[in-house]
Structure formats: structure tokens, C-alpha cells
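Undergrad: From first to last, the protein sequence lines are chains A and B.
Take the first sequence: its position 430, counting from 1, is numbered 430 in the numbering used here, and each next residue is one higher.
Take the second sequence: its position 50, counting from 1, is numbered 50 in the numbering used here, and each next residue is one higher.
Hints should not be assumed to be uniformly reliable.
[What the hints assert, rightly or not] Only part of the chain B face toward chain A is listed, based on derived beta-carbon distances under 8 Å:
1) Leu34
2) Met75
3) Asn95
4) Gly98
[Unchecked claim] Covered, in the sense of this in silico footprint (three residues per stretch, anywhere, with C-beta under 8 Å from a C-beta of chain A), are these stretches of chain B:
5) 15 to 29
6) 43 to 52
7) 64 to 73
8) 140 to 152
[As the list claims (entries may be wrong)] Once the Cα atoms are required to be at most 30 Å apart in a straight line, the calculated DSBU-like pairs of lysine-lysine come out as:
9) A:Lys396 x A:Lys425
10) A:Lys80 x B:Lys24
11) A:Lys82 x A:Lys55
12) B:Lys83 x A:Lys152
13) A:Lys192 x B:Lys83
In short, the hints are calculated from the structure, not lab data.
Cβ atoms here follow ideal geometry from the backbone N, Cα and C, with glycine treated the same way.
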Amino acid sequence: MGYPHKPHPRETLVLSEHFGDSDARTYDGWVKRGGYRALEQALGMEPQAVIDEVKASGLRGRGGAGFPAGVKWDFMPKQKSKRHYLCCNADESEPGTFKDREIMRWTPHALIEGCAIAAHAIRAEVVYVYIRGEFTEAIAVMQQALDEAYAKGVLGRKALGSGTSIDMYIHRGAGAYICGEETALMNSIEGKRGNPRIRPPFPAAVGVFGMPTTINNVETLGSVPHIMTRGAEWYKSLSLSSPKSTGTKLMSVCGHVARPGNFEITMGFPMKDLIYDLCGGMSPGRTLKAVIPGGSSVPVLDREEAENCVLDYEGCVAAGTMLGSGGMIVFDDTADMVYQMMRIAKFYAHESCAQCTQCREGTAWTVRILQKILSGRGEMQDLDLLLDVGEMMTGKTICVLSDSCAAPVGSAVQKFRGEFEAYIKGARQPAVALV
Amino acid sequence: MHDASTHESVFDGKRRARLDEIMKRYPTKQAALLPALWMVQEAHGWVSDQAMAEVADVLELTPAYVKGVVTFYTMYHQHPVGKYFIQVCTTTPCNICGAEGVVEAFLQHTGCGELGATSKDGRYTVVEVECLGACGFATPVLVNDDFIENVTSETVPDLLERYR
Ligand SMILES: Cc1cc2nc3c(=O)[nH]c(=O)nc-3n(C[C@H](O)[C@H](O)[C@H](O)COP(=O)(O)O)c2cc1C
Ligand code: SF4
Ligand code: FES
């Protein structure tokens, strides 16, 4: 069942098959639907064999960067001399993204199962599921499922009666987008401010509590049980396009579409069909203006680019943007791109951890320049200044939050320059009072 | 303001036992800091300097360190707030779907007047927050721990009826 809509015939339901079906939330309901068979199978395999299967499936990280999951697991030390940890990234705070919440709300046991399989593969005995503090319902559902999983012997000293010990805990965040960045997340678990760490060392060498650690997104880990039971070949076959993009992807679509929500598609699905068919297109009388496809951190596409974009990692790059987390923000012709870019920049300015000068100052200045333009006091050179500031913010900081502010703003200045110029030339009424 | 003598200790009895249980999940005491601060907020509604000192004492940290962490995270209240703490998302995806109108409606119908201020009857505090991770259900609103989806400026008065 789809959520909040009935599934569309063109969706491929793997992760979302049981969305909206509360019986699937319980342990019994999950087992009835074939749950925990994948874990049983994985626990009977050598950890390396599990890694190899996931590698062969081509599964790539769904948290934003698209790094191959099996390759990441393979970075973990094989000779175990220290404790290993797995962190599940459920901080989901990227504007436009709301898929992990649905996985946790409807199929908590799928996530627990995926985490347990990954823990076995990387030889981690402890898993922390880092859930953003605002997800009160997801936290409650996950906690109940964890309690059940312990009670049924799925977790604990002898997971499912095997020789493997797996403990799993929820760590509740407390309001900070930056804690979704993997090294900030580890600091937050350690009871610190969520400042990203300089790499190297990478988490597989020095992670949480100084020990080898793997961090994966909820959707990545949720895909793992399906790969175990149905096989890498099956997963790889779920692709309409590049062999480098495999499986299904939950696309969160929001903004100006008739039916916003999560839609599960196979990699390579046309963006045009997602918007006009699955999401029902724009409101009557409105036309598509722009799309930011990967959460707010990636370059914006204009209508033509969006209508020709193929939804997979390579297709989005070819269109000049990124698939990111798959959080698609759709703008119709009523959207004020200047105002919305200011709002996006404000988000990053608010969420910057302020360690790096380029990010702290760059995000704040981007907001100020955009507000000046919106107030009707902008000058033409402000547009070049915005691009200059953006360049200073890109590729120079400890994490990519800084780049994430520059990417949408810079691309909007280039693709919707006329809207910025309209404010500067006084052809458009000021949208904010002068600050 | 509150001085140490009026601070009602948080980590006695049951709560102390719960915190001890939580501490077992981590190899360091410090790692129990975020959970401990959540427990403080649950008990008192906010995190006072005295409570930070108590947490520091229990987890063998300094009060200054604890304050440094508290101030990093937006969900810990450093001042008392209204009985109903209302968080409205106004980030871009919700913004283009009318979130600013929802904020206006809350400010008007709660009598708060301005963001961050508590209404005279002590009942409500309204704040704008960044993306709540439910952008397809614009506009999502958190009232204390209740996560409410699809709020519009028109539905605000009815919604508030549930929080008197
Ligand atoms: C500022 C920032 C915020 C991020 N937020 C999230 C997040 O909320 N959830 C997530 O899974 N990954 C997030 N990431 C990506 C993580 O750092 C990391 O790459 C990811 O969790 C790895 O999991 P994956 O390989 O399974 O995608 C963020 C990255 C940055 C730079
Ligand atoms: S880029 Fe920004 S958020 Fe990232 S570490 Fe630097 S200051 Fe912090
Ligand atoms: S932008 Fe409002 S919930 Fe994401």
C-alpha cells in the first residue's frame, strides 16, 4: 500500500509495499510478511559473503552522496582488534526529504532487520539509530519495535539464536540539521556539540568513540533485507538506465504538485512522468517552473531540464544537478525564485555549525544580499557578488553544508536571472522590508 | 530567577535508575548527555542553569561544558515556555505551500502576538522552525510532542481547540 496515496501502477513497491498498513508494524505482522528471514539467512553466512552480495547488488547510499554501500562496509577492518559500530542515520532534515520517516513509521522492523544484517557484515556489536528529535512518532514506533525485537530474541547476546551479538539503541537528536552529517552525528552520539570532524581519519578507521564505524542512511539499510532474500541479480535488474544506478528509490515529492508524497520508482524513471503522472502534475492552470531534485542542497533545474531528466545518479549529473536524497521540490509559475532562494539560504545560515569562516560568513552574506535585492535596493553587481561568494563557499570547508547553500542559489541566479533583475530594476514590488 | 535552593533535583529515584540504564548503552558517561537533557526537559519543561549543573555533576562534566552542548541544539529550551509549545515549519517547501500564513494564524489565535513570546495566559509559545522532515504534508506543526500534518491557516482555530 502506498502512503498517503494508493500505489500508482507505475510504482515498484519494495520498501513501501507495507506503508499505511499498521499490522506490518508489529513483530508478528512483520514475520507474517516474510520478515526476519533475510536476517536469519545473513547470520548463517560469513560476514564477507554478505558484503560481497551487497556489493554485487550495486546498492548505493540513499543519504545523499550515493557511495556504494558494500564498498563502504568493506573498508571496515577485517581483523577485529577493537569494538565496531554501526550508526543508522535517521536525522532526515534535508528540506524536501521525508522518506526515512515513512520507513520508520510503517516498517520499523525492516529497518531493524537491515541494521542487524549490516552489523553482522561489518562485525559491529552495537548499532545506534540516530533519529532527529522532532520525529516523535517515528521514535515511539521504533522504540516499540526494538522492545519487541529484544523480547523475541532477534536482538541481544544471541541474535536469532546465532553466535552473533547485536545490541541496538535509539539516540534522539535535539534539533540540528548538521547532525545528519556523518561525523557531526558521531560527535552528537558522544554527547558533544554536533561539529563535523576533519577527515581523514575516516570513520571506518576512527569513528564513534574512536572505534571503526560505518554510517548508513535509513533507506540504504532498509533495502538490505530485500537484497538478501531476493538476491543481488534481482536488485540489479531493477533499473531502467545505467548499470551504476540499481534498485528502487523512494522519491519524496513536495511543493506545487497535485499529489505530494513518497513514490517508489526504479532507477532511471523519467522525472517528467513522476511529476505529471504519479504526482498528478500542477494545479489547474499552473505550469511547471523549476525543480530541485535532491533535497535543497543541489542545483535547481528549469522546466526543460526537469522534463528531460532521468532519475538516477548519472541522469541527474547529466542534467547538471544531483539525485541527492531524492527529495524533490517542485515549483510552479507562481513561485518567487528570489524569495525562495533567500529562504533556502536562511536555512543554511541557521544550520551552519560556524566552524568554517567561508560557511559561517558566506551563508549569512548570501541571505543579506538576497534580502537587499528583495527589498528593491539591489544593484546589478550584487548578482556577480552572489556568484563570487558562492565560489568562495564551494570546496573549501570541513563539510559540504557550505557548498549546499551555494549550489541552489548560484544555479538560480544563472537560470532565473530575469527574476532577480526584475527586483533590481524596480519592475517588481519589493517582497521584504529593507533590513 | 531560580537559585540553587529552589532547584528540584531531576535525577533521584526512578529517573536516576533510568539514566543509569541509559548509560549502559554507551562506553562513556558523556554520551548520556543528550538523553539526560531530554529527561530534564521532560521533568521541568525546560533546562535551567541549575539543571545543567546537576547533569554535569551526574555525568562528571563541567557545567560550562554542558551549557556549550545545550546551546548547540535548538530543541532544548533555555527559558520556560508556554504550556503548549508550537513549532511551525517555514522552510522553502512549506513556504511555497502557505506556511507563513499558518504562522500568522497561530500568532493571532493564540494571542502570542510575536514569535518566541509566550501568551499572557501562559498557554502558548509559537516559534518558526526549519524543515520538520514532512514536506509533503505542508504545513507540519509540532505541538509539544504531537506531530500534526497538513495544517493550513484555516484549520488553525480548530486545531487550537484541542489545546486549551
Ligand atoms: C550537512 C549534511 C547533512 C546531512 N544530512 C543527512 C541526513 O539527514 N540523513 C542522511 O542519511 N545523510 C545525511 N547526510 C549524508 C551523511 O553525511 C552520510 O553521507 C550518509 O548518512 C551516509 O549514508 P549512505 O551512504 O547510506 O547514504 C548529510 C550530509 C551533510 C553534509
Ligand atoms: S562547512 Fe559549515 S557546517 Fe560544515 S563544518 Fe564548516 S561551518 Fe560547519
Ligand atoms: S520544509 Fe517544511 S517539513 Fe520540510
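Undergrad: Given Gly98 of chain B as an interface hint, is the shortest Cβ-Cβ distance to chain A below 8 Å?
TA: violated, 11 Å
Undergrad: Would the pair Lys396 of chain A and Lys425 of chain A pass a check requiring their Cα atoms to be no farther apart than 30 Å?
TA: violated, 34 Å
Undergrad: Count residues of the segment 64 to 73 of chain B with a Cβ under 8 Å from any Cβ of chain A, then say if the count reaches three.
TA: This one holds; 4 residues, not fewer than the three required, reach chain A with a Cβ under 8 Å.
Undergrad: Hey, Lys80 of chain A versus Lys24 of chain B, does the alpha-carbon distance stay inside 30 Å?
TA: Given pair Lys80 of chain A, Lys24 of chain B holds - Cα atoms ~22 Å apart, limit 30 Å.
Undergrad: Check the hint pairing Lys83 of chain B with Lys152 of chain A against an upper bound of 30 Å on the C-alpha distance.
TA: violated, 39 Å
Undergrad: For Lys192 of chain A and Lys83 of chain B, compute the direct alpha-carbon distance and say whether it is at most 30 Å.
TA: holds, 29 Å
Undergrad: Within the segment 140 to 152 of chain B, is the number of residues with a Cβ closer than 8 Å to a Cβ of chain A three or more?
TA: Coverage by chain A holds here, the residue count being 4 at a Cβ distance below 8 Å.
Undergrad: Tell me if the straight-line CA distance from Lys82 of chain A to Lys55 of chain A falls inside 30 Å.
TA: Within the cut-off at roughly 24 Å; holds.
Undergrad: Count residues of the segment 15 to 29 of chain B with a Cβ under 8 Å from any Cβ of chain A, then say if the count reaches three.
TA: With 4 residues closer than 8 Å to chain A, the segment 15 to 29 of chain B meets the three-residue bar; holds.
Undergrad: Taking 8 Å as the limit, does the beta-carbon of Leu34 of chain B come near enough to a beta-carbon in chain A?
TA: holds, 6 Å
Undergrad: Can you take a look at whether the segment 43 to 52 of chain B is actually covered by chain A? Rule is 3+ residues, C-beta closer than 8 Å.
TA: violated (count 0)
Undergrad: Tell me if the interface restraint on Met75 of chain B is satisfied: Cβ within less than 8 Å of some Cβ in chain A.
TA: With a minimum Cβ separation of about 4 Å from chain A (threshold 8 Å), the hint on Met75 of chain B holds.
Checked against the numbered hints above, the structure violates hints 4, 6, 9 and 12; every other hint is satisfied.
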